[in-house]
Each structure stands twice: as C-alpha cells, then as structure tokens.
Amino acid sequence: MKKESLSTLFWDRFKRNSLAVSGGVIVICLFVLAILAPLFSPFGPNDIDRNAILMPPDFRHPLGTDDLGRDVLSRMIYGARISLAVGFVAVGIATLIGIALGAVAGYYGGWIERLIMRFIDIMLTIPTFFLILAVIAFVEPSIWNIMIVIGLTGWMGVARLVRAEFLSVKERDYVLAARALGASDIRIIFRHVMINSMAPVLVSAVLGIAGAVLVESALSFLGIGVQPPTPSWGNILTLGKDNIEIAWWLSVFPGLAILITVLGYNLLGEGIRDSIDPRLR
Amino acid sequence: MLSYLLKRLIEMIPTLFGITLISFLIIHLAPGKPTDALSEMNPKMTPEARERLEKYYGLDKPVMVQYGLWLKRIVRLDFGESFSTDHRPVMQKIWDTQQPITERRLFITFMLNLMAMIIILLIAIPIGISSATHQNTMYDKITTTTVFVGFALPSFWLALLLMLLFGVYLDWLPISGLKSMQYDALPLWGKVIDRVKHLVLPLFVIAFGSLAADSRYMRSSMLEVIRQDYVTVARAKGLPEKTVIYRHAFRNALLPLITLIGLSVPGLIGGSVIFENIFGIAGMGQLFFNGVMARDYPLIMAILTIGAFLTLLGNLLADVGYMLADPRIRTEQ
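Which chain is which? The protein sequence lines are A and B, in order.
Using this note's numbering, the first residue of the first sequence is number 111, and each one after it goes up by one.
Using this note's numbering, the first residue of the second sequence is number 1270, and each one after it goes up by one.
No lab work stands behind these hints, which were simulated from the structure alone.
Don't take every hint at face value.
[As the list claims (entries may be wrong)] Taking lysine-lysine pairs in the BS3-like style, the calculated list, with each CA pair at most 27 Å apart, reads:
{"id": "1", "chain 1": "B", "residue 1": "K1341", "chain 2": "B", "residue 2": "K1330"}
{"id": "2", "chain 1": "A", "residue 1": "K351", "chain 2": "B", "residue 2": "K1448"}
{"id": "3", "chain 1": "A", "residue 1": "K351", "chain 2": "B", "residue 2": "K1466"}
{"id": "4", "chain 1": "B", "residue 1": "K1460", "chain 2": "B", "residue 2": "K1448"}
{"id": "5", "chain 1": "B", "residue 1": "K1448", "chain 2": "B", "residue 2": "K1466"}
{"id": "6", "chain 1": "B", "residue 1": "K1324", "chain 2": "B", "residue 2": "K1341"}
{"id": "7", "chain 1": "B", "residue 1": "K1410", "chain 2": "B", "residue 2": "K1511"}
{"id": "8", "chain 1": "A", "residue 1": "K125", "chain 2": "B", "residue 2": "K1511"}
{"id": "9", "chain 1": "B", "residue 1": "K1276", "chain 2": "B", "residue 2": "K1341"}
Please construct the entire structure, taking both the sequences and the accompanying hints into account.
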C-alpha cells in the first residue's frame, strides 16, 4: 500500500515536469528506432551506390549519401543501436562495480574503506580519456571492448555516492534492529541499506549513459572506436571531417543525433531526480 | 601556510606513485605488445628478431621488474627512449629543447588550456551571477536552456560546425594548425593577427565545454549565498545592490568554483586529444594519440604521468586558492 502510493507520487510529479517527459519520449523513440531499424531505414546501412556518391540531401536520400554512396539516414538509424548498446552496457558495468566497492567501503569502514577511497582518488586523477585511449588502442577496437573500457573507467562517482549513502544509513535504528535480529551482512546490505541508495544511483546511471554515448562517439570519431563498415554516429562524423569542404551533411546530422540523444538522457535523469526528491533541485 | 604547502606536496608523492603503478599495470597487462605493431608492419620480422627486440626494450622481464626500472629512471626525470623508429628520448619529444619554446608540445597544450581556462572564468562568472540575480526572468531561462544544451553538445561536433561555418563557408578563419605557412615572413603585427586567427576556433571549442558547467555552478552557488543572513543584513543597511552583490555575495559565492576549476583539469587534458586532432595542433594530445597508435609504452607512460601530475597540481592550487579566499579554512590549518 505504502509502496504504491510512493510510486504514484513519483509519477504525478514526473508527469507534471514537461522537460522530463520529453526526455523520456526521446529515449523511447530512440529505442524503437534502434530495435526496428530495418523497418525505418530506406536502404541497407551498407548498400553501396556508385551513382550516388556524396549526394546532398534530396527526396531519395533525405540526409544525403557518403563517400561510398551509402544512405546517411539508414546508417544513422543503425548507428542508434551502437549508441544505445554502448550506453547501457558500459553504465551497467560501471554501476555494478561502483555499488560493490561503495557498499564494501561504506559498510565495513576501516582500512578497506581507506584503501578503496584512495583507489577512487587515484582513478579520478588519471585523465580518464587518456586511459581509455591507451587501453582501447592495445586491445582490438571492438564494440564489446569499448563498452568494457568505458565501464571500467566510469564507476568512481557511483562508488562515492553509495558509500556516502551507506555511511548515513548504517547506524540508523532499523539497521541496528536488523543486526540484533541476527541478519547477515549480505542481507543487511541488500535488503536494508542498498534500497535507500537506489534512487541517486538510478539518476547517476541515466546521466552516465549520456556520458558514455559521448565518449563512444568521440572514440569512433578518432577512428579507434566502432570500426567501419559498422555504422556509428562518431565514425560518420569522421567522414564529415574528411569531406568538410564538400559535404556538410556528413558533419551536421550525426552530431545532431548525438546532441538529441544526450539531451534526452540528461532531461530524463534530472527529471527522475526532481520527481524522487524535489528537495534535491 | 608554507608548512601546509610542503605537507601537501609530500602527500602528492604516494598518490603519484599509485597513479603510475596503476597506469603501468593497465598498459602492460592489456593484450597486445609494442612488438606486435612492428611485426604487423614488417613481414620479414622473424620470431628471433622479435625476441631480441623485446629483450632490448626490457619487455621480457616480469612487469613489476619493468616498473621498478621505469621508476628508477623517472626519479631523474628520464622518461626513457621512445619505441618509435626515431628512438628519441621521450623527454625531447615532449619538451624539444632544440625548438623555440612556442613550438614545444607541452608548452602548446599547457598554454591553450590556460588561455581557455581564463576565458571560461571571464565568461562563466558574469553569466552565473547575472542569471542568479535575475532568477526566473527571461534572461535566466535563456541562459539555463543554453547551458543545458551546452552540456549535451559533443565538443568535436561543435568544432566541425564552426569549421564549416567560419572556415569553409565564410572563409574567415583558418581551420588547421596554429600558424600559417608564410608566418615567418610576416611583420610583427601580422604575426600577432595570424596567431590570434588560428587560436579563435580551438580556444572557443575548449572553453565551451566547461563554460556550461561552470556558469551553472556559479549560478547555484550565488543563489545559495544571496539567501544568507549577512546578505539580507547588507541590504537592510541600505547598501546599494551593486555593493551587496559584488562585495558581500560574490566573494563567498566564488569559493565552490575554485574547487571546480581544480577538478576540471583532467577533463581539459583529456579533451586535448580530440581538439588537437581536429584542428591539427602539434601538442601533447596529438603526441599521445600517435604514441597510443604506435603502442609506444614509454611515451604513453610519460604523458599519463605528466597529466596526472598536472591534475594533482591543479587540485593543490585550488586548495591553496580556497585557503587564501576563506579565512575560516586558514585558521583550521
């Protein structure tokens, strides 16, 4: 009963926030587009048309064609799959690591906490993008490796968040009561303490997806992310840079797609935060 | 103050040690070896030659031994010899003493970031303050929206768009490098103009990314301060609004921003790979990218270490700035 009223409250607040709703709509649209890519794209993403090389946008190719005569719109629709997959998997990995380390640090304290916090400080001091580049260049630049590397370098924020939440909750009466009743550490961590930190973790995960999408597109743009012929927004932009003097459409549209996607996740994330706890605003 | 500084500097050593250890392990344990890149390019490379090469570079030793050797050299600021075909010392690549100072890579990247940082502060602080003092007006809404879009804007795309507009269509600004081919033949005034023209787009792009975050931060910090009692008191005393904002509120609102500046250093350093690549600037970012592509361990380690050192230095400077600005913290030390 109580739980339901809480979630109703959340929905009421969320629905009233038009920016949050529009963020949600953007994300849902992207999902539909990515999953049903073959239905929406007028051409195959790798269909080469030698008679339509670097054609500006027209009725046949609404967003123009690239240097091999491939339809940019179709490639961008398939590129949405990459963005979504990288965003979700990378953030999933980062969140799991962050929760685990943050929970251990916050719950047990002592030297293990100091060790973990030191490790976090160090990871935050290494320019992350440099580290990602260094590792990606050594392993094969495949989409899986990109997800893993982005995930492995992006967990520090979540870990700090979870630890702070644990510190503030673990001495509360209901936790002490659970311990007095003989609940195991694992049970206390997951059943009693973790629940409280789920809201901020969810928000930071949604915002983290936006960050991961940006990093993936930057890597692909530099040529060490998703490798052609697999289409990604970043690697279409590379073509845009190479052909900047003759084909503006290759530079404009994929970037716009990244912008809208990132904006969507940011709006959604902030909307969720405001709806969960209006005081955080 | 001096003893505090000294303490902080000494504290940096173990952190730096940890950073180099972690970076070293990650890079050396990642699959793929520098010799892979060499043998891919050279089909005549026999396994024996490869082994000799690995021995020459010390890659046949256990990772921890390699790290120890690396550490021994680093104490003398010797980053070793590059794995690339020219075999130059890494230090020479980063800080080429044979070139004028303006051509040295570390100098170029450092100055670009420093200039960008100054621009960020000069723009972000006034925007933040004015949108806080005009909260919920049209102006505030427009800046808030712009900032929100700014957060989502990929900087390399912004760079491409600006290159398209100012470089290709309007043809006002150069889109590559930091000076023209005929730079040396230009008179002094022409040299200055040439430099400025080349700097406009890169600086704008570097600054833009942080501009959004920093002005937002300034706004919320200012909003918080404006509601404090001492600001109300200042107003009640009948002080003009300008004095209230700039003498009483502003200085206190500035404090959190100092921390943010310190924290933004790794982002600026990391971003240099992207914009140096786009604008064809021969700085540290480009060197790092080339080093990474060639799997040049000593070069990668050197730049990661320098980057981390600059970050730590940025944090330290932020803390010192904080102390200078806030007497409460000063007395605590």
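The hints, checked one at a time:
{"no.": "1", "hint": "B:K1341 - B:K1330", "result": "holds (15 Å)"}
{"no.": "2", "hint": "A:K351 - B:K1448", "result": "holds (20 Å)"}
{"no.": "3", "hint": "A:K351 - B:K1466", "result": "holds (20 Å)"}
{"no.": "4", "hint": "B:K1460 - B:K1448", "result": "holds (8 Å)"}
{"no.": "5", "hint": "B:K1448 - B:K1466", "result": "holds (9 Å)"}
{"no.": "6", "hint": "B:K1324 - B:K1341", "result": "holds (18 Å)"}
{"no.": "7", "hint": "B:K1410 - B:K1511", "result": "holds (22 Å)"}
{"no.": "8", "hint": "A:K125 - B:K1511", "result": "violated (40 Å)"}
{"no.": "9", "hint": "B:K1276 - B:K1341", "result": "holds (24 Å)"}
Violated hints amount to a single one, hint 8; each of the other numbered hints is respected by the structure.
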